[in-house]
Amino acid sequence: MFKLSDQGLAEVKKELNRYEAKDSAIIPSLYIAQKENNGFITPDIIRHLSQVMDIPEARINEVFKFYTMFNQKPVGKYHVQVCTNISCALEGGREMAKHICHELGVKFDEVTSDGRFTVSKVECLGSCGTAPMMQVNDTYHEKLTPETAMNLLRGMK
Amino acid sequence: MAEVKILTEFYHLPEYQTLAGYKAKGGYETLPKALKMQPQQIIDEVKASGLRGRGGAGFPTGMKWGFLPKNGEPRYLLCNADEGEPGTFKDRMMMERAPHQLIEGMIISAFAIGSNKGYIYVRGEYVYPIECLYKAIKEAYAAGLLGKNILGSGFDFDLDVYRGAGAYICGEETGMISSLEGLKGQPKLKPPFPAVQGYLRKPTIVNNVETLAAVTYIIKDGAQTYRKHGTEKSAGTKLFSVSGNVMKPGNYEVPLGYPLMDLIMKECGGMKPGRRLKAIIPGGSSAPVLTAEEVAKANLDYESLAGLGTMLGSGAVIVMDDSQCMVDMLGVLTHFYAHESCGQCTPCREGTGWLDKILHSILEGRGRLQDIDLLIKVADNMKGKTICALSDAAALPVLSFVTKFRDEFEFYVREGRSKVKGTTYAEMHH
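Those protein sequence lines, which keep their order, are chains A and B.
Here numbering that gives the first Met the number 0 is used: the first sequence runs in plain steps of one and ends on residue 156.
Here numbering that gives the first Met the number 0 is used: the second sequence runs in plain steps of one and ends on residue 429.
Any given hint might turn out to be false.
These stretches of chain B come out as covered by chain A in the derived footprint (C-beta under 8 Å, 3 or more residues) [said to hold, decoys possible]:
hint : stretch
1    : 38–46
2    : 229–239
3    : 303–309
4    : 328–342
Below, simulated PhoX-like cross-link-like pairs (lysine-lysine); rule was C-alpha separation at most 20 Å, straight line [said to hold, decoys possible]:
hint : chain 1 : residue 1 : chain 2 : residue 2
5    : B       : K356      : A       : K142
6    : A       : K120      : B       : K356
7    : A       : K97       : B       : K183
8    : A       : K21       : B       : K183
9    : A       : K13       : B       : K137
10   : B       : K271      : A       : K142
11   : B       : K183      : A       : K64
12   : A       : K13       : B       : K116
13   : A       : K13       : B       : K201
Note that these hints are calculated values from the structure, not bench results.
For each residue, glycine too, the CB sits at the ideal point set by N, CA and C.
Next up, chain A with everything else stripped away, as it sits in the complex (with noise of 0.2 Å):
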C-alpha cells in the first residue's frame, strides 16, 4: 500500500494550499507521487491521494489518465524519450530511436533487463531547432546522432 513519506505530506499539503481551487494542485500532487513511486502512478497512488487531498478517486484518476507525463507503468531508472515529431523525423530522430532501442536490446516502452532504461517515443519537445534530440529523465540532450546518444547513455550509471 503506497503512502507518501513526511516530505511528500508537506509537499502535497502545500500545493492544496497553493491555489484558489483545490483541484488545482491535483497535477502538481501526482508529480509529487510519481517521484516517490520510482516514476509512474498505480491505483494505490490514486487512492491515497483522494484521501489526503480529499478529493474523489474518479477526479484525480481523470486527470492522470489524460497527461502524457504520468507513467501508468514502470519505467527504467532512466526514462529516455526521443522525440520522433517532425522536425526531428526530418533531422533523423526516428531512426536514432530505433538504434538506441537495437543497442539496449529493448522495444520501445519496456525496461531493460537490468531496470537502468525504458526508451519511449514522444511527440514534439521543443528542441525543433537543435534536432535531434531526446529527454533522460527531466534533461534535454540536443543535436546528437545516433553514436551520441548511446555514449551519452553508456556514461549513466
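Following the hints, complete the assembly by docking chain B onto the known chain A.
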C-alpha cells in the same frame, strides 16, 4: 532588411538571465514609467502599436484586453508558455535566457488590465525553463518588483508558475484554463470568451510569452517606434523558429513582412550541400504546407501568408528538402494529431484517428487510390465543426500535402513504396 533584435538583443549574454544582468542592460527601467501611466494609456499604446498575439492566432492584443468587463471584478493574467506546436521553440529560449523580460512584461500588462494575480503555464517537459522562471520570480519578489505595493506604486501583483503535464491541447487558451483549474485540459465553448469568463469563471487574459515581453518595448519606446518595424497590418518584429533541413536552424528575430526565402537562404545559411528546397510549413505543424515556388512569393506576415492559403501561426518554419517523402512526413503529423486530440468532440476524436489510419494504411502498402480522396473528404468534414481548432489543425496539413504533392501519394499507393526514397515504410522505419 535583416535581423532586427528588439527582444533578443542580449540573449547571447549568460548574465542576462539574472536580475542584475537584466538590469545592467536597461531591464526594469520601463516598469516605473508604466506604473506612473494610467492603465488605459497603456492599453491605448498597445492598441496603437498594432501588436498581435504571438502564440499563433494573431489576434490584436490591445483589443483582447479591451474585452475585459469594466466592473472592477478580480481578473487574472495568464501567460501561455505551453509551446506544444511542433516546430516551435521560441518561448523556451526567452524563458531560459531572459526570464525577467517576461516578468517585466507581465507586471506592466497586469497593471494595464487591473490584475493582481498571474500564472505562467509552462509545458511540463520544460523543466529547465521552469527552474529559470522560479529563480527569476524569487529575485523579483526580493527586489520589490513583485508582491505588494510594487516600487511604491500601490499596485500589487503576485506571479506563480504552473507546470503542465504533457498535453498539446493545453496550448489552446481554454484548454489551458481547464488544466490550471485541475481538470483534463479540454477546451471550453466560446463564448463566453476568457476575457469575460475565464480562470475560475473570472475575467482572464491569456497572452503568449513573446506577446507579453513585447509590451515592455512598446511602452519603453512608444507605439510609433515599434510600428517602424513590420508592415501596416503586421507591426513589429517576430521570433521565427526555423527547423528541419537547413544549415543553421534556430531562432531568428526579423521584422514582420520579411521574405521567407531570405530567412532560409540568408539568415539560416540555405539548404544543406547538394539539396534543393522542396517545401516549407511556415507557421507550425498545423499550417498548410507551401511548395518551393510558393515560398519564393511569401513574406513573413499575417496577410501575405493568408494570401497563399496558409498562416503565420506561432512562427515555426519547418523546412523540407528534396530528400523528404511527403507521404511519410504527413504520416508523422496525422499520428501526432490523433495522439493529441482531447477526445471531447466527435469530428476531431474520430476524424484524427481515421486520417492516421488511412495514411498509415497507405504507408504500409495497403492503400487504395480512392483513399487519397477519402483523406480529403474526412479532412473537409473536420473543419470548423469542433469546440477548438485542433480538428482544423489536423485537417489543414492533410489537405495541403495531398493537394500539392498528390503525385507522391498516388505513386505510394500504386507501388507500395516512396517515390522519393524508393523504399517501403517498413524498410525506412522498422
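Hint by hint, here is what the structure shows:
1. 38–46: Violated - the stretch 38–46 of chain B has 0 residues with a Cβ nearer than 8 Å to chain A, which falls short of three.
2. 229–239: Coverage by chain A is violated here, the residue count being 0 at a Cβ distance below 8 Å.
3. 303–309: violated (count 0)
4. 328–342: It holds, with 7 qualifying residues against the three required.
5. B:K356 with A:K142: Roughly 31 Å between the alpha carbons, so the hint for K356 of chain B and K142 of chain A is violated.
6. A:K120 with B:K356: Cα-Cα ~19 Å, so holds.
7. A:K97 with B:K183: 32 Å, violated
8. A:K21 with B:K183: Status holds; Cα separation ~14 Å.
9. A:K13 with B:K137: At roughly 17 Å apart (the allowed maximum being 20 Å), K137 of chain B and K13 of chain A satisfy the hint.
10. B:K271 with A:K142: 16 Å, holds
11. B:K183 with A:K64: 9 Å, holds
12. A:K13 with B:K116: 18 Å, holds
13. A:K13 with B:K201: 24 Å, violated
Hint check: violations occur at hints 1, 2, 3, 5, 7 and 13; the rest are consistent with the structure.
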